[in-house]
Amino acid sequence: MENTSTVKELSLAERERAAVIGPGHTFATITDKIASIVLHEPSPASWWLGLLIGLTLLSGLGLSVGYLLFKGTGIWGINIPVGWGFAIINFVWWIGIGHAGTLISAILLLLKQRWRTSINRFAEAMTLFAVACAAIFPVIHTGRPWLAAYWLFPYPNTMALMPQFRSPLMWDVFAVSTYGTVSLLFWYVGLIPDLATLRDRATAKFQKIAYGILSLGWRGSAVHWHRYETASLLLAGLATPLVLSVHTIVSFDFAVSVIPGWHATIFPPYFVAGAIFSGFAMVVTLSIPIRAIYGLQDFITLKHLENMAKVMLATGWIVFYGYLMEIFIAWYSGNEYERYMMINRQMGPYAPFYWALIFCNGIAPQIFWWKKARTSIPILFIMSIVINIGMWLERFIIVVTSLHRDFLPSSWGMYWPTIWDWMTYAGTLGLFLTLFFLFIRVLPMISIFEMRTIIPQAKVAGVHK
Amino acid sequence: MSAIPYNTPAELLGEMDRTRSRWLLAGLLGLAAAAGGYFADPQRFFQSYLYAYVFVFGLAMGSLALTMLNHLTGGAWGIMIRRILEAGSRTFPLLLILFLPIALGVFQIFPWAPHEVAEQDHLIHEKSAYLNVPFFFARVAGYFLICLFLSFRISRLSAQQDEHGAEPYYTKLQRLSGPGILLYGLTVTFFSIDLIMSLDPHWFSTIFGILLLGCQGVSTFAFAIMVLVWLMRQRPMSEAVRSVHLHDLGKLMFAFVNLFAYFNFSQFLIIWSGNLPEETTWYLKRTTGGWQYVSIAIMVLHFFVPFFLLLSRNLKRTPGKVSKVAGWLIFMQLVNAYWLVMPSFHERGIHLHWLDAATPLAIGGLWMWVFLGQLKQRPLLPVGDPMLEEALHSGGH
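The listed protein sequences derive, respectively, from chains A and B. Using my numbering, you'd call the opening residue of the first sequence number 1 and step up by one each time. Using my numbering, you'd call the opening residue of the second sequence number 1 and step up by one each time.
Isolated chain B, as found in the complex (with noise of 0.2 Å):
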C-alpha cells in the first residue's frame, strides 16, 4: 500500500484557514464598494455583476461537469483533481444567494423583460412565449435544482466512498454521471442563452451552448490546475502529484483553449459569410467602438500565446510554470466573460468602470471563501476510489 498518509495535516489546514480569511475579506470589500456602486449608478451595477456572476458560475459548472465526466473516462487527472471539483461543484447553494441582485435587476438587465417592449417590438413579441419572466425564474429555478442535486449527490457518493470502500459508490458515481452530463449539457445551453443571449434578443446562434461549455472548460481546468499546485507545497500533495498528472492536466487545458478558439471562430467565420443583419449586430457591436481591441487582444492572449506556451512538454510539467499559464487563462476567461456580456448594454463603445473590479472580487472572494471552506473537510484525495493506487503508482491510463 501506499506510504502517503491521506490526512490533511494541521499545518495546511493553518494555511487554507488564513487564506480562506483573506478571501472573505477581499468579498467583503468587494460586496460593500459593489453596495455603493449600487447606489452611485444601479444600472451599471447589474450589468458588471452579471458578467462577474457568468464567470464565477462557470467554475461552480465546469467543476460539477468534470467530476462527472472523470467518473465515466476514468483517469488519472481527475483522480487528483476530484476534491478540488468536488469542492467547486458545492458552491451552488452560495451562488444562488448571490443570483439574487440579478433576479432583484431583472427588469434593468434584460431589455426583453419589461413587458411593453414585447408589445413593440415584432421579433421579441415572437419569442415571448420563451422570453419572459415568469418563465425566465422558472428555467433558473431548473438550472439550480439540478446543480445542486446533481453536486451534493455526486458530493455524498464520494464522501460514503471514501468510509467504505470502492463499491458500491464506484457504479453509482457511473450510472449517476451519465445523465448528469447530458443534463449540464442542456443546463449550460440555456444558461447561457437566458443569461447571456437574451441581452442581445433579437441575435441568435445555435453554438452558443456549446462556445460557452468550452468557456467553462477552459476557466475550471485552469482554476483546478492552479489549486492543484497551490496544494502541491505541502504532503499530501506533494508526495501524489507527479509531473505525468500535471502533464495530463496541462494537455486537456490545452485542448479546451484549442476548442475555446475553434467554436468562436467557428461561429464567428459563419456569420462573417452569410452577412445577414439580423446576425451581424452581435459582432459589429463587438469590432468597433474600442472593442475592437478586446476582440483582438482575446485572440492573441486567449489563444495564440498561450496556444505556442502550452505546447512545450516542459511547461506542462513544471508546476511553477503551468500554473502562471492557468491564472492567466482565468483572467483571460474573465476578460472573455466581459466581452459577451457587456458590449451588448455598451454598443456605442467600450466604457470601463470601478465596479468592473468590484463585482469579480466581491463573487470571487466569497466563492473562494466558501471552495476553501468546502475543501478543507474532506481529505486531498479520494481515498475510497479504487484506482487511486494505479493512480499515484502508474500516472493513470
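Next comes chain A alone, as it looks inside the complex (with noise of 0.2 Å):
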C-alpha cells in the first residue's frame, strides 16, 4: 500500500523525465540510431532536395554579390532618406536567429534543463551559420569589402585613421566575432566525444582519417571527461553573458542615435527577447522536417516542441509588451514626433506591415496557450513561419519607417527593395540551408552520448550526476 503511493509520488517528476526520450531506449540504441545517419544511411531524396534548393539560391548569393561588386550598392533599393535597407535588416534577422543555439546550449545547461539535450547540437550549429549569414551583410554593404579593413579593424596605420570607437557599428564587429568563436568553440568541444564515437564506428577509410584527426585522440577516459565538462561548464560561463551582449549592441546600433522609433531605452532587452523568439521558432521549422525524415520522434520528442512552444510564448510577450511600451510612451513622451512616428507605422504608407508584425508576433503565437496547440506538428510548424516572418517584419519596420519620413516633410521618400536585395537576401537563405544540410550529412546532428546520459538506465548506471 505504502509503495503505490511512493510510485504515485514520483510519478510526476518521473514522467517529465521519460517524457525527453521515447520509450525502449538503451545505450546502444541511441549510438545506433544517431551514428548510423552520418556513418552508413544513405541520404534521402528529401535531403538531396533540401540540399538542392539551397545550391541554387546560393548560386543566387553568388551572382547578386558579383553584380553588387561590380555595379556598387546602386543595385539595392536604398537611397536618400532610406540609406539603412536590406542589409541591415537581414543582418539583424540572422544574428537574432543565432540566439537561440546559444540559449540552449549555454543557459539551459547552467539551469539544468534536461530537455535540451537532443536539441543543443543542431541549435549550436544553426548558431554558426546563422552567424556566417549575418556577417555576409556588414561586409558587403558598402560593395567594397576589400576596404573592410579600414573600417572593421582597428590596427595603427600610418596615416593616424581609426576606426569610431564610440560607434556600437564598431562594437559589433567585437561583439559578433567573440560570439561567433565562442560559439564555435562550444560546439566543437562537445562534437569530440561524439567525433570518437564516429571514428571508432567508421568502416571506411576515409571516415577513420578524418573523424580521427577531428576527434583529437580522445580515448574516453576518466581525465578526459574531468576536463571535458570543466570546459564546457566554462564555454557555458562565458557564451552566456553572450546571449545578452550581442543583441544589445545589436540595439545599440539603433537606439544611440536620436531617430525617433530607434531611439528608446527598451531596445535592449527587447532586441535581446525577440532574437530568443525567432531563435526558436527556426530551431522549430528544422526540427520539424528533421525529424520526420529521419525518424527521431523518439529524440526530438512532442515535450521538446511544446517547451520550445512556451519558450516561444513567453519570449513572444516581452516583444510584445517592447510594442506596446513604445505605443504607450511615443504618447505619453508628448513629444509630436514620437507620436508622429507611431501614427506614421499604424497609418503610414507601410502600414500593413505593421499590423502584418503585430499579427505574427503578438497575436498569432496567443495560440500557444492552449497545450492542443503546443503538441500540433502543423500548427507548431505554421507558427514557426509565421513567428520568422514576423520577426523579419519587425526589423524592416524598425528600419524603414524611421528613416523614410525625416523631421522635415521636404526629405520624406520611400524604400522599396529591389530584385538584388531580393536576391541576395535569398541566397544568405540558401548558405544557411546548404550548410546546414552538409551538417546532419557529416555530423552527429543530436548528440550521442548526452542522449545517453538522460535514459532512465543513465541513472542507476551513475553516469548522470
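By construction, these hints were calculated from the structure, which means they are not laboratory data. Using N, Cα and C, we set each Cβ at its ideal position, and we do this for glycine too. Check the hints yourself; a few may be wrong.
[Stated by the list, open to error] Over the 10 Å line for every Cβ pair with chain A, so calculated as not near, a few chain B residues:
1) F39
2) D41
3) P93
4) F135
5) L145
6) T206
7) S266
8) N275
9) K324
10) I330
11) W354
12) D356
13) A357
14) P379
[To be verified] For each label pair, taking beta carbons as the anchor points, the in silico distance ranges come out as:
15) F304(B) to S257(A): 26 to 34 Å
16) F304(B) to G237(A): 13 to 21 Å
17) L216(A) to T281(B): 51 to 59 Å
[Unchecked claim] PhoX-like mimics (lysine-lysine), calculated; alpha carbons at most 20 Å apart, straight line:
18) K172(B) to K371(A)
19) K172(B) to K372(A)
20) K251(B) to K112(A)
21) K208(A) to K303(A)
Make one complex out of these two single chains by using the hints.
So, in C-alpha cells, the structure goes:
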C-alpha cells in the first residue's frame, strides 16, 4: 500500500523526465540510431532535394554579390532618406536567429534543463550558420568589401586613421566575432566525444582518418571526461553573457541615435527577447522536418516541441510588451515627433507591414496558451514560419519607417527593395540551407553521449551526476 | 518517504513570535517618529515615505512574481522558498493600508497633480489624459486588485494542496501563473511609471518598468535567502535545505544583480548617447549636487563588489556568507529606491533627513511583523507539492 503511494508521488517527476526520450531505448540503440545516419544510411531523397534548393539559392547569392561588386550599392533599393535597407534588416534577422542556439546550449545547461539535450547540437550548428549569413551583410554593405579592414579592424596605420570607437557599429565587430568564436568552440568541444564514437564505428578508410583527426585523440578516459566537463561549464559561462551582449549591441546600433522609433531605452532587452523568439522559431522550423525525415521522433519528442512553444509564448510576450510600451511612451512623451512616428507606423504607407508584424508576433503566438496547439505538429510548423516572418517584418518596420519620413516633410521618401536585394537575402537562406544539410550529413546532429545520459538506465549506472 | 517532520517545531514558532514582536516594536517606533516628522516637515515626510513604500512594495510584488515563476518553470530553488514567498505576497492588505499617506499626499508628492500645473505646462497638459488624480487612483486600485487576487488565489490553492495532495492544484497553479506573470509585468510597469517616473513628469523611458522589475528581482531573492538561512538554524529547514539549493538561489540572485546592472547601463548609455535635453535631465539630477556619489556607490557596491563576491561557488553554498551578501544587497536596494525617488525632489543636491531612516523602519517593521505572522501559519515546506520529494533528494533539476 505504502509502495504504491510512493510510486504515485514520484510519477509526476518521472513522467516529466521520461517525456524527453521515447520508451525502450538503451545506450546501444541511441548510438546506433544517430551514428548510422552519418556513417551507413544512404541520404534520403529529401536530403538531396533540400541541398539542391540550398545550392540553387546560394548560386543566386554568388550572382547578386558579384554584380554588387561590379556595380556598387546603386543596384539596391537604398537611397536618401532610407540609407539603411536590406543589409541591416537581414543582418539583424540572422544574428537574432542564432541566439536560440546559444541560449539552449549555454543558459539551459546552467539551468539544468535536461530537455535541451537532443536539440542543442543542431541548434548550435544553426547559430554558427546564422552568424555566417549575418556576417556577409556588414562586409558587403558598402559594395567594396576589400576596404573592410580599414573600417572594421582597428590597426595602427600611417595615416593615423582609427575606427570610431564610440560607435556601436564598431562594437558589433567585436561582439559578433567573439560570439562566433565562442559558439564555434562550444560546438566543437561538445562534438569531440561523438567524433570519437564515429571514428570507432567508421568502416570506410576516409571516414576513419577524418573523424580520427577531428576527435583530437579522445579516448574517453576519466581525465578526458573531467576536462571536458570543466571546459563545457566554462564555455557555457562565457557564452551566457554573449546571449545578451550581441543583440544588445545590435540594438544600440539604432538606440544611440536620436531618430524617433530608434531612440528607445527598451531596445536592448526587447531585441534580446526578439532574438530568442525568432531563434526558437527557427529551431522548430528545422526540427519538425528533420525528425520526420530521419525518424527521430523518439529523440526530439513532443515534449521538446511543447517546451519550445512555451519559450516562444514567453519571449513573444516580452516582444509584444516592447511594442505596447513603444506605443504608450510615444504618446506619453508628449513629443510630436515621437507621436508622429507611431501614427506613421500604424497609418502611414507601411501600415500593412506594421499590422502584419503585430499579427505575427503579438496575436498569432497566443495560440500557444493551448496545449493542443503546443503539441500539434502542423500548428507548430506554421507558427514557426509566421514568427520568422514577423521577426523579419519587425526589423523592416524599425529600419524603414523611422528613416523614410525625416523630421522635415521635404525629406520624405519611400524605400522598396530591388530584385538584387531579394536575391541577396534569398541567397543567404540558400547558404544557411546548404551548410545545414551538409552538417546533418557529416556530423551527428544529436549529441550521442548526452542522449545516453538521459535514459533511465543512466541514473542507475551513475552516469548522470 | 522522507524522514523530515514537516511541522514547524514549537521552539521555532516561539522564536518567530519573539522576532515578530521586535519588528512590531521597531515598526511602531518608526511610525511614531514618522508621524512626528509629518508635523515637523510634511513635504519631507511624503518624500521619505514614498521611497520606503516603493522599496517594501517591491518585496511583496517580487514575492508574488517569483512564486508564479516557480510554478511555471519548476525547480527546487522555488520549493525551498515557496512559503517565504507566499507569506511575502500575503502582505498586500497591509500595504493597502500603508498606501493611505501617499493617497492623502498626492498633491504634495506628484508635481503633475495640482490642476493649475497642467494649464501652465504644455507637456503635462499633453499627457493629462493619463496623469490626472482620478485616473491615478483608478490605476492604483487596479494594481491592488490584481495583486490581492493573485496572491490570495495562489495562497489558497497552495493551502489546499497541502491538505489534499498534488492534483488538481498543481495544474491549477500552473494555469493561473501564466496569465498571472503577464498581469504582474503590466502592474510593475505602470506602478513604476505612476509612483516613480511621473515624479519627473516631462521625463520618459521605455525600459523603466523592466528596470523596476530587475530591482524587485534582486531584493526579493536577497530577502528570501536571508529568511531561508535564518530558518535553517532549526528543523525542518536545517535538514531540508542543502548547499545545492543555496547555490541555485545564489546563482539566481547573481543573475538579477547582473540584470539590474544591465538594465541601468542600457538606459544610461542610450540617454547619454542621444543627449537630448528632455531625457538627460533625469541623469543630470543624479550626477550633480552630491548625487553623483550615490550613483557611483550603486555602481560599485550594488554591482562590481557583489559581482565578484557572488562568482565564488563556495560563498554561494555557505549559508553565513551568502546571507551576508544578500543582506547587503537588500540595503543597496533601499539606497537604490532612494536614488530613484529622491533626486526628483532635491535636484539642487543631496539632503539627508532623519525621516529617511524613520520611514523604512516604520513600513519595514510593520511589514516584517505581518510577514512573520503569515509565515508561521503554514508548514515551512509545501508538503503537498508533487515535486517536493525530488527537490529534497536530488537538489532538483
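The hints, checked one at a time:
1. F39: 36 Å, holds
2. D41: Holds, because the least Cβ-Cβ distance between D41(B) and chain A comes to about 32 Å, which exceeds 10 Å.
3. P93: 29 Å, holds
4. F135: 13 Å, holds
5. L145: 20 Å, holds
6. T206: 4 Å, violated
7. S266: 4 Å, violated
8. N275: 8 Å, violated
9. K324: 24 Å, holds
10. I330: 24 Å, holds
11. W354: For W354(B), whose nearest Cβ neighbour in chain A is about 35 Å away, the distance exceeds 10 Å, so it holds.
12. D356: Holds: least Cβ distance 28 Å, greater than 10 Å.
13. A357: 32 Å, holds
14. P379: P379(B) is indeed farther than 10 Å from all Cβ atoms of chain A, at 16 Å.
15. F304(B) to S257(A): 26 to 34 Å: Distance hint for F304(B), S257(A) holds at roughly 29 Å.
16. F304(B) to G237(A): 13 to 21 Å: Holds, at about 18 Å.
17. L216(A) to T281(B): 51 to 59 Å: Distance hint for L216(A), T281(B) holds at roughly 58 Å.
18. K172(B) to K371(A): With a Cα-Cα distance of about 14 Å, the restraint between K172(B) and K371(A) holds, given a limit of 20 Å.
19. K172(B) to K372(A): 17 Å, holds
20. K251(B) to K112(A): 12 Å, holds
21. K208(A) to K303(A): 36 Å, violated
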